[in-house]
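Please model the complete structure; the sequences and the hints are all you need to start from.
There are 2 protein chains.
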Amino acid sequence: MSRFFSHRLDKLTPYTPGEQPRDMQYIKLNTNESPFPPSPAVVQAAAKEAGKLQLYSDPTCRDLVEKAAEVFGIAPECIVMTNGSDEVLNFAFMAFADEAHPLVFPAITYGFYPVFAELNRIPYEEIPLAEDFSVNYRDYLNLGGKTIVIANPNAPTGLCMPLSEIEEICKTNPDGVVIIDEAYVDFGTESAVSLIDNYDNLLVTQTFSKSRSLAGARLGFGIGQAALIADLHTVRYSTNPYNVNRMTMAAGRAALVDNDYYMQNCRTIMENRAYTTAALRSLGFEVLDSKTNFVFAKSDRIGGETLYKALKARGILVRHFDKPLIRDYNRITIGTREQMETLIATVADILGDTNPS
Amino acid sequence: MSRFFSHRLDKLTPYTPGEQPRDMQYIKLNTNESPFPPSPAVVQAAAKEAGKLQLYSDPTCRDLVEKAAEVFGIAPECIVMTNGSDEVLNFAFMAFADEAHPLVFPAITYGFYPVFAELNRIPYEEIPLAEDFSVNYRDYLNLGGKTIVIANPNAPTGLCMPLSEIEEICKTNPDGVVIIDEAYVDFGTESAVSLIDNYDNLLVTQTFSKSRSLAGARLGFGIGQAALIADLHTVRYSTNPYNVNRMTMAAGRAALVDNDYYMQNCRTIMENRAYTTAALRSLGFEVLDSKTNFVFAKSDRIGGETLYKALKARGILVRHFDKPLIRDYNRITIGTREQMETLIATVADILGDTNPS
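So the sequence lines, in the order shown, correspond to chains A and B.
Here the working numbering is used: the first residue of the first sequence is -10, the next is one more, and so on.
Here the working numbering is used: the first residue of the second sequence is -10, the next is one more, and so on.
Since the hints were made in silico from the structure, they are not lab data.
Because identical chains share one entry, a pair is satisfied inside a single copy or across any pair of copies.
No farther apart than 25 angstroms at their CA atoms in a straight line, the calculated lysine-lysine pairs in the BS3-like style are these:
#: 1; residue 1: Lys56; residue 2: Lys41
#: 2; residue 1: Lys301; residue 2: Lys41
#: 3; residue 1: Lys287; residue 2: Lys301
#: 4; residue 1: Lys298; residue 2: Lys287
#: 5; residue 1: Lys312; residue 2: Lys287
#: 6; residue 1: Lys298; residue 2: Lys312
#: 7; residue 1: Lys312; residue 2: Lys301
#: 8; residue 1: Lys312; residue 2: Lys0
As the structure is a prediction and not an experimental result, all values here were calculated from the model.
This is the structure in structure tokens:
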């Protein structure tokens, strides 16, 4: 830290992204990337833009927004595009939370929420999960003007809430914005986008990183009623009006055109998730019922960190969080069937279980 | 605005980017883009990454940072890469300015500075330019712990300060960070990067948008001593660790490899600037001595807004700022020689001067 660093940010502890080691080729099951490459049309669309990079990208993201509006069945003014969904979350925190509207989110969830809160110096309250790691929706009812943030499905647990509970939260908090972070929604959770028309306090955020194989392109978005989205545009135009670059904009649009390809990939990942969950359970693991492209698992036979290290030594990266309540677990991204079979065989080998069922 | 918009941002007026109309094909001389496309190697490098977009980009930007360090003759830990140079400016405002270290910048300069200040709720002071529109460096000496931001060359005037004056500002403000925004430095201004070793309070920001034909890719960077850059990484990792996407990272690296191509383009633009300046002067315009890829010009024969509108009606976009002191002027981006000849002929035509010398 330099002697110039603002005291405003004294308490700031940055987010730690999943490791990207370069010492060897790993099977990367640690950052929830898709094992499937973008579709050929996406690659082509992005490449075509590369020749026009001397020109700024369209700050209105018009072509992309119009296609997204069509796919999601909403009006174009109800969507804002951002440089990854981290950006729309940060914009929403800036726009809708402050001392009078402090943040509330689960104590175990996406690690960036407290970081954004600290960065923007917004007070926040973390509500413990239930013992089974689920989010108890009753904890989020009637919170006055507080700003509520819930990842649905939640990370790193992978558990989801039914839409009826989210609706109840929106309904009982008319004076606070309810942000539903749907980064993993395409792997089996019902989206809250269908509630937008009825709740002016609901903001749904999603990303192209996971289900649409564009983690490396950086594209996320927010959906809400036009007035809410207009506020996010105000913040966007006060931060980085050209936040989405030309290539990513074209790639995102092409990915929406090829929606079927991506939704089929999601189904394959859900199949591989079922396989992985069953195989880990047969090895004695406790595996939460994931609705995401990862599973969260622990075993009485091996510590979380020990397993993480043993897997890494054998060329497989998973994500371990050295935090209270969850340090026995590992978060394992669902890859191809072949990758998951290798994972299972390797875990069995580590456990000395030479005959996994 | 929604009823949820935070009162913190009551005074926020977003930046207005240059218009990007789609009603017809214009000669675009309004957003300071390069008229030259990226080099073939850049297009190829970006396109190659498009096939790997399912994987996150490297949050350390290692390959790009190492190449940039080599080109700029600095250590890799002295550079931070961002999603356009707007982002590094915003990060620097967050990291180094606050109530105790208010911002100081010229009253006529890049319009984003007051926006970033409002967004981050940092008090700021705007110092008037001298009558000839130059920045009087004496106004910036001995300001205690204030955070100073100077665009050099300045926008939209195009005028630059000598390095000796910047050094004097750094020297007399040891307890405040001095941010020198060098977005246009490659068009004839001496960079302050050479001062970095001697001043721990100096941050230099640059962009790939103008001189390196990558406006649509979004890539900027900051250079300073390692401790200062570490603070910017802290903010970056608290905002968007994957702020630079894969394709842009590859494009940026390739652009640095092809540095000669881009520096030759800059020389061509400087020649076209000399032509444009002389031709406008011969039409009776007052044209400031630009060191950028634009000129700032006014004429007693026609109002700034009138000329802007007349040019637009004839298919040429320039930038007019409806602000006190500068509303007689237009900012005209320097394009190809052919574009500038068309501009000059069109201006002459508008003035009814059928025989421009």
